[in-house]
Structures are given as structure tokens and as C-alpha cells.
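> Make a model of the complete structure from these sequences and hints.
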Amino acid sequence: MINLPLLPLLIPLITGVILMLFPNRLHLQQTFSLASTFLTIVAAGYLVYSVRQDGILTVTLGSWPAPFGITLVSDMLSALLVLTTSLLVFFVVWYSMYYLSDLHQRFYYYIAVQFLLVGVNGAFTTGDIFNMFVFFEVFLISSYVLIVLGGKPAQLRESLKYLLINVISSALFVMTVAFLYGVIGSLSMADISQKITEINQPGILSVIAVLFLIVFGLKGAIFPLYFWLPGSYQVPPTPVLALFGALLTKVGVYGILRTYSLFFSHQQEFTHQILGWLALATIVIGVIGALATRDVKQILIYNIIVAVGVILYGVSVMTRQSLEGAVFYLIHDMLIKAALFLLIGVMIGIAGSSRLKDMGGMIKDYPLLGWTYFIAALSLAGIPPLSGFIGKLLIVRGGFEAGDLVGPFVVLISSLLVLYSVMQIFIRGFWGTPKTYSGPKRHLMKQLLAPALILVGITVLYGIGTEAVRPFISQAVDPLVDPSIYIQAVLKED
Amino acid sequence: MEIIMAIAAGILTMCAVYLILSKSVLRIIIGTGLLSHAAHLLVMTMGGLKTGAAPVLKDGVTQYTDPLPQALVLTAIVISFGVTAFFLVLAYRAYQELGTDNLEEMKGTDTHD
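The listed protein sequences correspond, in order, to chains A and B.
Quick note on numbering: the working numbering labels position 479 of the first sequence as 479, and the sequence is numbered without any gaps.
Quick note on numbering: the working numbering labels position 81 of the second sequence as 1081, and the sequence is numbered without any gaps.
Calculated from the structure, these hints are not laboratory results.
Note that the coordinates shown come from a computational prediction; the quantities given were computed from them, not determined experimentally.
Treat the hints with caution; some may be incorrect.
Said to hold, decoys possible - Which stretches of chain A does chain B cover? Using the computed rule of at least three CB atoms under 8 Å from a CB of chain B, they are:
1. 128-139
2. 148-155
3. 162-172
4. 179-185
Stated by the list, open to error - The calculated lysine-lysine pairs, modelled on DSBU-like cross-linking and capped at a C-alpha distance of 30 Å, are:
5. A:Lys441 <-> A:Lys492
6. B:Lys1023 <-> A:Lys161
7. A:Lys161 <-> B:Lys1107
Ideal Cβ positions, reconstructed from N, Cα and C, are used throughout, including at glycine.
So this is what it looks like as C-alpha cells:
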């Protein structure tokens, strides 16, 4: 299986193309999407298994040798992220079948989702910086379709802003790659890393590092560049929101994680210091936003920003332990955010509104929903033994070990405030006097809850089974700590 | 030559920023078009403009111009073309639905749904 890293890209790509042929056969579209996404999970799972057995896998497209052609590189980090992504898309597709109206689904919804999966998996897998830009565009264009699908005035208004922000950030991405190519003369990430080590990262490369921070920061919503996120993410329907919140910002985070460990690891007192302060500011802003709003969607949207800050703080510390924490927390956050969005989607479906003042006393009629939400909320805040705990523990310990006292403190305080903000939903939505609800999706409660329940179950297993997951995370961090592993795997002579 | 091209890219970026900061959606779209042009020009320039013969294998030629930036620009042009087309359609639809093309009147998130 020499082309194994390609499979999680090819399966959704071919599915997307095939699905275009019969946009109106809704039932067939649903079955086909579910089946192919399941196949993607199997392929991604086998990919993780193979990387665990054989180390980093590479595919050189067109058999052009490594620094010249485009290489796809599956190290453990990208394989794990590809597996998580495929898993999430499967559950979101399952959920969408019941959540979205038939008309909505007929408008190429599943096709856009499949292409989104291609783009995200590709961005995680590619080993070529320009190719990463291309995959960014693939999932961005799908996300434009998904965010505007439905055509409500609010959606159109926010889509315009979302599109504008992303067009500007894409142009900046191309410019940054141009600068990097002008200085280094290569696009293969392994080759760039090697050459930067040879010339010991002069000042111009630190400038390029900051440019990359701006480009990926716009996608990942770090502190001064997060302003577009709360508005844009408010408008699409919840399953799409789950995809966006769990995947799109995390691709930006992955971009920073990859470039800051592989390329710009020689002037850490400058680049990583900036990253660290911005990450802490991101946490603070996210927490303030999450506490200030009384809208279930907005509370979770601001929690996306908090999580981005926590992960990037772990990246900025750049010790082995904090990076393990960051990777662990990254995967945890993808899973739990998707689960939480699916759960509040059920709440919104029952209440017919996303405002907390229209909810209350739901625990009486929907106990399973309430307690599932409770567990997911605890997991998000990082209560042991759930999955958020171990990631935060590693990040905080890494921070203390590196001699930083402010950062770990902010992360710890933010956990408490995050817990408070998500408990707001529990207290105001599930306790209190029961109301009579007339939301449009009350009768579909069971079907909608099933995928969310399984996803929460997976995160609980991810937390309890830390011992089993740790070796995988540890292997994922190896090339981040020591880029020569990555370089040797890509530029091997054979 | 590289200097002139770099200045041209800078001027394009300047115009793009000016247009993007205006309130009319159509001007903003033209601005994004100019911005991507600036980016493409920059890619071309950063790769070195004419450092040798055309990149076709030929007897007696040892210096070739780097073909990679041209391939990159081609990819980027196609992508920005598609996105601009989508942007225009979206802007037209938003104009139909919202009755305005002024971003000043599209502020706020309170009126959602």
C-alpha cells in the first residue's frame, strides 16, 4: 500500500465527483456519503496503524523526487488529525440527515462536505508549502458554499465578510510563500527546514515567521485576528457550525504548529515569545466573550477561541511535554467541540431558538440530552478523568517547567471560567421551570442525539484510555521536537 | 527590473487596500482582485525574472529561468479567478436579498435568524 497517505484524500474526492451526478436522489446521496466517509475512517485508521508500525510514510506525486516534486507526508501527527477529521465528518453527515431540511440537503450539501474533507485532510497531509495553500483553498471554497447554503439574509451578510477575510488571508498566504521562496528557493517543507537550519535563520526569516503567524492566525482566530469569527459562525446551521468549529480553525492551528516547529525553531526568544503572548491574549478575549453572551451558539463559539489560545500556548512553550499537551488537546478539542455543537443543535431544535432565555427545565423532559451535555461540558473544561484534563495538565506542566509563571496560571484560570460559561447553558437551559417547547425538531430528538452521544462516548474513551493513546501522541511529537526525523523521512536517498 | 516589479506590486497592494476599505461591495471585490494580482506579481518577482533561457532542455544552454514561480502563479490565478466569480455572485445575491450594497448597513449580528 505505497499510496496509503493518498487514500483519505482520494475517497472523498471521488465520492464528491460521483455525488454531483445525481443531486436530487437524496436517499442515495445520504447513503453514499455515509458509506464513503466510513471508508475514509477505515483508511485513516489503517494509515495510523501503518505509521505506528513503519514510521513516517511519504508519497511523491508523479514520482518526482522529494525536493522537486510535491510530497505527501503522513507522520503520526497528520495521520491522527486525518483520522479525527474523518471521524467527525462521519458523525456530522449522520446528524445532518435528520437536522437539515430536504431542500437544504439537495443543494449540493453532501458534495460540499466531501470536498471540505478533501481539503482538510490534504492540508494535514501535504509536505509542500504551496500545496498546503491549494488545499486551504479547496476547503475554503467548500466552506463558502456551506456557510451561505440556505440563503437567509443574515447568512448572505455574514458570508460576504467571511469571504472577504479569507480572500485577503489567501492573498497574504501567496505573498508569504513568495517571500519564503525568494529567500530559500524551495517549497518542500523538509527541504526548507533543512536549509533554514543551514543558514541559522537570519532576521528576514523571522519576519516571514510573523507573516505566517498572520496568515494562519486569520484562519485559526488568534487574538487580534479573531474579530470575524463570532459573527460568521453564528449564521450557518449547527451541523455546518460543528464542522467549521471543529475543523477549520484547527487547520490554522496545525499550520502554526507545523511551521513553528519545522521552519522557525531557531529564534524562539523572538517568534515563540510573540506567539505565546498572543495565545494568552486569545485565551483572555475568548473567555470574556464566552462569559458575556447569553446565546448558546455564541458561548461555544467563543470557547473555540479559548481552545485555540490554549493549544497555541502549548506550542509556544515548545518543550516536549507542552507539545504533547498541545497535540493531545488539539485532538480532544476537535472531538469535544463537534460533540458540543451537535448537542446544542439538539437543544436549539427543541427550543426553536438559540437564546438561553427561551430555554429552561429541559432536564425534565430530556434527561439523556442533559446529562450527555453535562459530561461533555466537564470534559471541555478539563475535569479528570475526562479528555480535556490530560492535555491541559501537560501544557501547564510544560509551561511551569520552562520557567513561565504567567502562562500556566492564565490557562488554569481560563479552565474555571470556561467551566462557568458552559455551565451557564446547563443551569439556564436544563434547570429552572420547564417550558413547553414547540421547536421544529422535537420529534427527531432520538435520531439527532444518537451521533452526538456516540461522539461524547468517544471523547470519554479518549480521556480514560490516555495510557493507550499516549504512545501515539508521543510519536506524533517526535518530529516536532526533532525536525531531522521529518527531514530524513522525506529526503531519503533511495 | 525586479525593483520596478516590486514597486508595481506595492502600488497594486496600495490600491487594493484603499478599495477594500471602501463601503461598496463592488469596489471591495475589485480590491481583492487587485490584491491577488499584487500577490501573483510578487511570486513572479521573488523567483527572479529572467536569469537564463526558457526552461526547455536544449543543447548548449546551461542557465535556465526558474519555471516554478510561473507554475505557482498559474495555480494561484485559477484559484483567485474562481473565488472572485463566486464573490461576485454572492454580492449580487446579497444585494437582491438585503437591498443594499453598502457594508455600513450590513453591520451587527443581533438580527440573526
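> Verify this for me: three or more residues of the segment 148-155 of chain A with a beta carbon less than 8 Å from a beta carbon of chain B.
holds (count 5)
> Within 30 Å, alpha carbon to alpha carbon, are Lys441 of chain A and Lys492 of chain A?
Violated: Lys441 of chain A and Lys492 of chain A sit about 55 Å apart, past 30 Å.
> Can the segment 162-172 of chain A be counted as covered by chain B under the rule of three residues or more with Cβ-Cβ separation shorter than 8 Å?
holds (count 7)
> Cut-off 8 Å, C-beta pairs, minimum 3 residues; does the coverage of the segment 179-185 of chain A by chain B stand?
holds (count 3)
> Between Lys1023 of chain B and Lys161 of chain A, is the straight-line Cα distance small enough, at 30 Å or below?
OK: Lys1023 of chain B and Lys161 of chain A at ~12 Å, within 30 Å.
> Report holds or violated for chain B covering the segment 128-139 of chain A, Cβ cut-off 8 Å, minimum 3 residues.
holds (count 4)
> Taken at face value, is the distance from the CA of Lys1107 of chain B to the CA of Lys161 of chain A at most 30 Å?
holds, 10 Å
Against the hints set out earlier in the document, a violation occurs for number 5 only.
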